[in-house]
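Chemist: As you go down the protein sequences, you meet chains D and A in turn.
Counting along the first sequence from 1, when you hit position 356 you're at 356 in the working numbering, and nothing is skipped either side.
Counting along the second sequence from 1, when you hit position 69 you're at 69 in the working numbering, and nothing is skipped either side.
Simulated from the structure, these hints should not be mistaken for laboratory data.
Treat each hint with caution, since some may be false.
Just so you know, same-sequence chains aren't split out, so a pair can sit in one copy or run between any two.
As the list claims (entries may be wrong) - The list that follows gives simulated cross-link-like pairs (lysine to aspartate or glutamate, EDC-like), each with its CA atoms no further than 20 Å apart:
1) Lys69 - Asp274
2) Lys66 - Glu210
3) Lys113 - Asp199
4) Lys81 - Glu207
There are 2 protein chains.
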Amino acid sequence: MATARDTETSKVLELAQPLPLDGGQSLEGVRIAYETHGTLNEARDNAILICHALTGDQYVMSDHPKTGKPGWWVRMVGPGKPIDTDRFFIICANVIGSCMGSTGPASLAPDGKPYGMRFPVITIRDMVRGHIALLDALGIDSLYAVVGGSMGGMQALSLAASFSERARAALVIASTARHSAQNIAFHEVGRQAIMADPDWREGAYYEAKENGGKGPEKGLSVARMAAHITYLSEAGLTEKFGRRLQDRSEKTFGFDADFQVESYLRYQGLSFTDRFDANSYLYITRAMDYFDLAEEHGGMLAKAFARSKARFCLVSFDTDWLYPTSESRNVVHALNAAGLPVSFVELSAPFGHDSFLLDVPALDRVVEGFLGEGR
Amino acid sequence: MATARDTETSKVLELAQPLPLDGGQSLEGVRIAYETHGTLNEARDNAILICHALTGDQYVMSDHPKTGKPGWWVRMVGPGKPIDTDRFFIICANVIGSCMGSTGPASLAPDGKPYGMRFPVITIRDMVRGHIALLDALGIDSLYAVVGGSMGGMQALSLAASFSERARAALVIASTARHSAQNIAFHEVGRQAIMADPDWREGAYYEAKENGGKGPEKGLSVARMAAHITYLSEAGLTEKFGRRLQDRSEKTFGFDADFQVESYLRYQGLSFTDRFDANSYLYITRAMDYFDLAEEHGGMLAKAFARSKARFCLVSFDTDWLYPTSESRNVVHALNAAGLPVSFVELSAPFGHDSFLLDVPALDRVVEGFLGEGR
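Bound-form chain D, shown alone (with noise of 0.2 Å):
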């Protein structure tokens, strides 16, 4: 259960000033929400910024306030651990157009009401602004290191290319310099499905629901399930459900959940939307879809660093489709050509993309390596 101590750890920092969008638009009246873990040292060089991935959060430590569960990298992060907040000051910030404080499509826009589809649309680039403000607000000039697994890692990339001398180092796990046709169009799937939902109402279900109606939580649940599978590997599939039954031995010949992976992704599709935002999850899809960071850049990847003086460890994981190797070693090359310092390695582990969040006990002592080689 969430308690007191856990909202605490995370704080609002309202925008004094318009934050610029890379739509030429800008947001008025932002607020980020993050939370903080460990000190800042007095050189306030001790600083990492984790950025989280397409429906994660601030809550990478302390306890979630709306489900109740452990933060998302528990096992990555705290007192001891690869990411030691024993000596680090961690930043953890929601980013801009999701729905666990930032500013998002949900929020009031300046007339009062929430802003809905009125929402601008955002970028990768544009959730790092944000994070800038942030670090601007925290008076830190420069990361030790921003870190990142899946749209996280775009956040790293984009923070490295776009304000190369904010981070002195760049942790990108599991992820990649621009969406592929095929995650732009498992994206689309999920866009469709809750814009096919007649409670979405062009997005303007914000009032039904205060009044106890109903928002578009079956074409998110449809999102979320066709998300969740990319998310894991076939052999993953195979090994954790195969073809067993769910609480029968015999098939019903009927269209209930007959089998354990009907029963975990219906699970997974309807849990998801008690604590997300149907239009939150529009706006960050199609900002992932937008990333391309060479196009950025003139269409040069190596570009985008050309001003970084970063050191980099890029990760990837074996069974990830979503985000396979090769995207990271695209971005490898592009950091080779801009004569900068990058480790990379490909992590064996059957989780899918996923595996950058589970027991994968190697990308600790990655983690911790890369992290330690800075001292």
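We have chain D; now place chain A onto it with these hints.
Modeler: Here is chain A on its own, set in the frame of chain D:
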């Protein structure tokens, strides 16, 4: 455009006897819509049954009456083609559960109203029982060959296993002897998308549609989009679409189909709803998920073929991640164990699972060669 001649090619068999089903029920008044091409010889031993895939139909050679498009396998079937109508008598029947003339959930039940979800859950073997009834009616004791790709391959395997005296050869392309957890998962997403659509009305949408209302077209469209991704390879999607924009030079920073792959998927989804019944999609995907040929035969796949005397040919494609080569190899090992003659080839083709329908000249040669061996 469909012509009178085209529609004339589709015939309908009405079964006098109820069709027994794996679920324990039996289905009365079954109609089986089918096409034939070529001439049955005097010995009645030159018939080839072609089995269609999930959303396929009997229009293997002639124009589709709804879309006006050429038959789905014109490149393979016809005079002088690998499946040569100058030599063979070709039969292709719409599977039961489908919606192109054979009995399915949109058909009228004995009470004069559409079955909807009162239609019994069927299996791949039940579809094959329909085919066998058709062979009986046509006076064909033994097929020269049964041929199919994807779900058509499942039917070919099922026929060879459960009605072993009825086919002297089986050609199984891009298929599997059982649905994997990942296969089931993708189908479940599609079913949930349909069932989440309020216009699905628990399957009883036919009356609403007849009265000018809607069926679950939005849900069906999302289901088709999700499935379509699995039919293509990641590399194929990248080559075909990459991150290219659709009829625009800049991203719109909105939720239109900016990317070609989005536009393509939306079109695939929408156009599908014009030709396919949502309940049929539920029932046929369920039949595929239930398919496990080993399970039907005591858990040992080799046992499924214990009574067979047929020769087999298995074909897989290197970019097919829906039914990868390992699935075909699994069948080959079982056929080896059963002591049956089997040839097996993995073809290289860029189109993913859809390769069996597309321009892969090597497949033509394999099909022609395998069918030629039986002379």
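Chemist: For which of the previously enumerated hints does the structure constitute a violation, in increasing order of number?
Modeler: Hint check: 4 fails alone, others pass.
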